Amino acid sequence: MATQVFKIPKSLKENMKYSFCPGCDHGVAVRLVAEVLDELDIQDRSVLIASIGCSVTAYDFLDVDSVEAPHGRALAVGTGVKRAKPNQVVFSYQGDGDFASIGLAESLHAALRGEKLTAICINNTTYGMTGGQLGPTTLLGQKTTTSTMGRNVEYYGYPIKIAEHVALCDGTAYAARVSLDTVANIRKAKQAIKKAFEVQLNGLGFGFVEILATCPTNWRMTPEQAHERVRKEMMKHYVPGVYKDITETK
Amino acid sequence: MITEDITNKKVLSKGNYAIAKASILAGCDCYFGYPITPQSEIGEYMSGKMQELGRAYVSAESELAAISMTLGACSTGVKAMTSSSSCAVALMQETLSYATADELPLVLISVMRGGPGLGNIYPSQGDYFQATKGGGNGDYKLIVLAPSNVQECVDLTYKAFHLAHKYRNPTVLLADGLLGQMMEPVEFKPYPYAEIDNSDWALTGAKNRKSRVIRSYAPLADNQCKFVEKLFEKYKTIEENETEWEEMGTEDADIILVSFGSTSRNVKTAMKLCREKGLKVGFFRPITLFPFPNKRLNELASKVKKFITVEVNMGQMINDVKLAVNGKASVELIHKAVGAPPSPEEIQSQVEELI
Amino acid sequence: MEKNFIIAGFGGQGVLLAGEVLATAFMLANKNVTWYPSYGAEMRGGTVNCEIVASDEEVSAVNKHDTDFIVALNQASFDKFLSKIKKGGYMIANSTLAKEIKTRADINYVFAPITKLAEELGNVKMANILALGVLAKASKAISLEQLSEALDSVLPAHRKNLLPLNLKALKIGYEYDLLPV
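From first to last, the protein sequence lines stand for chains A, B and C. Under this note's numbering, the first residue of the first sequence is numbered 1, with each subsequent residue one higher. Under this note's numbering, the first residue of the second sequence is numbered 1, with each subsequent residue one higher. Under this note's numbering, the first residue of the third sequence is numbered 1, with each subsequent residue one higher.
Just so you know, the hints here were simulated from the structure itself, not pulled from any lab data. Please note that a few of the clues may not be correct.
To be verified - Here are the simulated DSS-like cross-link-like pairs (lysine-lysine), alpha carbons at most 25 Å apart as the crow flies:
#1 K17(A) / K210(B)
#2 K207(B) / K10(A)
#3 K272(B) / K87(C)
#4 K125(C) / K87(C)
What the hints assert, rightly or not - Listed next, with one range per pair, are the computed distances between beta-carbon atoms:
#5 K230(B) / D170(A): 20 to 28 Å
#6 E233(B) / G45(C): 55 to 63 Å
#7 K207(B) / K7(A): 16 to 24 Å
All of these numbers come straight from a predicted model, not from anything done at the bench. Quick reminder that beta carbons are idealized off the backbone N, C-alpha and C, glycines included.
From just these sequences and the hints, can you work out the full model?
Structural data, given as structure tokens:
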């Protein structure tokens, strides 16, 4: 007898038009969020805060109420939604530029206030939507369209380790960095996303997941090469792991 | 229901406190702010009162965040506001543009101070352009209400919430340091407007209905054309329904003094002084700066020789008066760059010079 | 009929509160009234003043260039505002902290040792309210009863214990012998 082992999550829109580039990890990340919304049965009381960048299109895929934030302001908008409607589940889906460059103040202050929000941040070491420019997470030596000779400290300074910064905030309940380069890591990523929602649902504080992701188009790589880069370069500097979890008893 | 502030008698209140109390009585559910003189009393009052009432209050990390929090709260359909002043309202322009595109009922209290730059904390009307023309991107309008005394700070705060929700458009109460800091007797009556049903658009979770998206991103040019045109149809309706002004002595006037906000108090007195001297001078005060009373000014232009706008800036509203008058009469300016308005006597003598 | 008043002194003398009490009294007397403070990047101990304009009609303007009554609680305020007094207007000065010099012949001077009287009452902080008593008598613009009622409404709940002392200060000021020139 045949059993269904794989299906489209209920929290994804029907007949959605996929708009991410081939091999981009955004698609996997959005799907994981949808699966978590399904598993926690919170789709009908969730509000997505869409940010600026490729991540904005999350509202084309996730079948939840959504509001779009000005660039960098996602967690300020999220704060407004959550404070107005504390019973809603509010989460942002942001890129690293939105979260950690233009929106660093909003991001860290939301964490410091211990807002009961969940933030998902895609780290692909570049500004994807605008064509692969240097962002806050661009690695030293990495060539982008605005660091054509490679990122050097003299001109550009250092890349930011986002999860570690978020973990330092007293209002953070959970902060983790995950990768989507292997099936095993995708499973771990889903668990982290789930946890970041659970701390919100339990009123414990700010939940955060940084997802290391590919941008094959702007990296000028095949999807396989891109995942290889995640493993070989990104995971060395941006080490996956749980950086804070206040639910863990030691 | 909050009744403790409804007194049915006059109480002496500072403009900033009057605005804050009125917003409470209007049912403001969420306040987000960042301090700046001369409006800090609003945030100070709200910090205690909102917590006492179990409503939302956040001391935001910046004005960028404060207005974005307000946008977020508004997306759920509640009444939400922020308040600020000049150089910090400048920081809010981007989100105001988003909020118009999102059609959200955001209320902004803007208490003008001197500029440009950090300027100073004295009263000014230098942000007429900022409020009515906008510093944000794209074609949009904010509804702008300009009180001239503390009672109007109350009445127009009520109205700001009402119009914001009625038209789903960001609405600005444009006061200044003079109004914010002065005390006058005011009466806090109950919020006079009916609550507006927003259940057809507010984000409350997609339970037993389709999910909703509040967005401004429109990747297709044709869609965006249609959307902006629709927005402007709404603005036309607002112009038809909501334009408000005060006029006095215009029936037989040769000259009409045009002024808004706190400055108009002195101008009204100057008009009376001119009348005492036998000059046929009238007074006209736009209460809504958008929608601007173009039609009425154009009618009056057929009967009078000259308009003189009186402003505490280098001449901003004069541009709108000129457009409204459209060449039918001359339009001149009496002004001062920053500070308390020119005295009625100064205005009167300058009017005589301009005749 | 419109009258304006400036109450001035140094920070801590309760100038703004005295102005609020006066404005409230006018409100209770069914006048239109506006209170407007000097404000700016003030430092502690600097000079402070507020203007109160009371009118039977709409208040014509604030921040006027001249005034009917000045209450000067210190020398700096006396010097600053002397020239702003309208012809026939009043300088009501605290002679404990300002010299009794009359350089203008076209105005009325009232010198009262306001700080000293407040000290004698037992609380120097009552000087502001005591000054209002002097002003009420000299100006005839407002009654002692209306000021008393205003005090009651302006004092916050946690300061209500000071109401009797304030009322006493008001009365001492009101009954202080006037010596207009």
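Tested hints:
1. Simply put, K17(A) and K210(B) have alpha-carbon atoms about 17 Å apart, close enough for the 25 Å limit, and the pair holds.
2. Of the pairs offered as hints, the one joining K207(B) and K10(A) holds, with about 13 Å between alpha carbons and a cut-off of 25 Å not exceeded.
3. Between K272(B) and K87(C), the direct Cα distance comes to roughly 23 Å. Compliance with the 25 Å bound is thereby established for this hinted pair.
4. Simply put, K125(C) and K87(C) have alpha-carbon atoms about 32 Å apart, too far for the 25 Å limit, and the pair is violated.
5. Between K230(B) and D170(A) the Cβ separation comes to about 46 Å, which falls outside the hinted range of 20 to 28 Å.
6. The given range of 55 to 63 Å is respected by E233(B) and G45(C), whose C-beta atoms sit roughly 59 Å from each other.
7. Taking 16 to 24 Å as the suggested C-beta distance range, the pair K207(B) and K7(A) conforms, at roughly 22 Å.
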